[in-house]
Amino acid sequence: MMQGVMVAIGGFFGAVSRFGISCLFKKYYTSGFPYATLFVNLVGSFLLGYVIASGIGETGILLLGTGFLGSFTTFSTFKLENIQFHADKKWKPLISYLLLSYTFGILFAFLGMVIGRL
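For our numbering, add 81 to where a residue sits in the sequence shown, where the first one is 1.
To be clear, the hints were calculated from the coordinates, so they are not data collected in a lab.
It is possible that some hints are incorrect.
[Unchecked claim] Straight-line alpha carbon distances no greater than 25 Å define the calculated DSS-like cross-link-like pairs of lysine-lysine that follow:
no., residue 1, residue 2
1, LYS108, LYS171
2, LYS107, LYS170
3, LYS173, LYS108
4, LYS107, LYS171
5, LYS171, LYS160
6, LYS160, LYS108
7, LYS160, LYS107
8, LYS173, LYS107
9, LYS173, LYS160
10, LYS170, LYS160
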C-alpha cells in the first residue's frame, strides 16, 4: 500500500511539473519544434540515471524514479510528435528530434549515473 502511495505522490508532482514546464515553453517558444518535450525527456533521463545510481533505496526510487520521473517524462508525446513530423513530411525536424532525443537522452542518463555514484 505504501509503495503505491509513494508512486502516486511522485506522479502527481511530476505531472504538475511537466505541465508547468510545457506552459513556460509555449509562452516563450512559438516554434513548431517540440522543445518542451525534448527538455523534460533529457532532464528526466539525467535525473533517472542519478536516482538509480545514488543508492537512495526502494522508497526513494518509487517516489522519484517511478512516480515523479515516470510522469515528468513522456515517451508517448515524443512518439506522437515524431509521427506528426513524418505525416507532415517535415524530415529535418524529425531527424533532428530523433537524434537529439536518443543521443543526448542516453548520454544524460549515463552522466546522471556517473554523478549519482560520486
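Now for the hints, and whether the structure bears them out:
1. The suggested pairing of LYS108 with LYS171 holds, with an alpha-carbon distance near 23 Å, which does not exceed 25 Å.
2. Distance restraint check for LYS107 and LYS170: the Cα-Cα separation of roughly 23 Å lies within the 25 Å cut-off, and the hinted pair is therefore satisfied.
3. At roughly 24 Å between alpha-carbon atoms, LYS173 and LYS108 fall within 25 Å of each other, so this suggested pair holds.
4. At roughly 20 Å between alpha-carbon atoms, LYS107 and LYS171 fall within 25 Å of each other, so this suggested pair holds.
5. Annotation: proposed proximity of LYS171 to LYS160 holds, straight-line Cα distance about 15 Å (limit 25 Å).
6. Between LYS160 and LYS108 the CA atoms are separated by roughly 23 Å; this keeps the pair inside 25 Å, and the hint holds.
7. This hinted pair checks out: LYS160 and LYS107 have alpha carbons roughly 19 Å apart, not beyond 25 Å.
8. Distance restraint check for LYS173 and LYS107: the Cα-Cα separation of roughly 21 Å lies within the 25 Å cut-off, and the hinted pair is therefore satisfied.
9. A distance of roughly 16 Å separates the Cα atoms of LYS173 and LYS160; the hinted pair therefore holds under the 25 Å criterion.
10. Annotation: proposed proximity of LYS170 to LYS160 holds, straight-line Cα distance about 15 Å (limit 25 Å).
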